[in-house]
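J.: Sequence:
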Amino acid sequence: MKTKPYFLSVKALVKTSDDLYLLLQRSATSKNHPGYWEFPGGKIDPGESFDVALEREIKEETGLTVSLIKVMGSAESEIIDRRIAYIIMQADVEGPSDIQLSEEHDDFKWVAKKDIDDFNLCPQFIAFAQGMKE
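Mapping the sequence shown onto our numbering, position 105 (from 1) lands on 105, and the numbers just tick up by one.
Quick caveat, the hints were computed from the structure, so don't treat them as lab data.
Each residue gets a CB set at the ideal place from its N, CA and C atoms; glycine is no exception.
Hints are supplied without guarantee of correctness; some may be wrong.
[To be verified] Here are the computed distance ranges between Cβ atoms for each label pair:
no.	residue 1	residue 2	range
1	82	110	13 to 21 Å
2	96	5	35 to 43 Å
3	82	19	30 to 38 Å
4	69	29	14 to 22 Å
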């Protein structure tokens, strides 16, 4: 039995100096999970290291410059033709925290860690967010 191939995606818990974390609301026109909330990040381009990809994706989606701190966890999901493994990093905002959303997202919120799982998160991130409270 042939299994679906795995693809890697990188996400980040982007944190401000006052311990608030960034959530992004997926665009209403998004192919997967429109209107749900997620962490910034995305796909890795061929030949790109995952840290460079994550910093690039965060910059493209939010306009923020970040520094990666450590691995926080992982998650996975499955769509029609593939499975996606997520590495979730902690990242600190470097410089101004003014958000400039890309067309991939409709809204953003800075929230306390304890409140992250109160949002309608993409299903693949629910268990991770609940584990953050422990």
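J.: Run every hint past the structure and note whether it holds.
T.: Do the hints match the structure? See the list:
1. 82 <-> 110: 13 to 21 Å: violated, 32 Å
2. 96 <-> 5: 35 to 43 Å: holds, 39 Å
3. 82 <-> 19: 30 to 38 Å: For residue 82 and residue 19 the Cβ distance comes to about 35 Å; the hint holds.
4. 69 <-> 29: 14 to 22 Å: violated, 33 Å
Hints 1, 4 from the earlier list are contradicted by this structure; the remaining hints agree with it.
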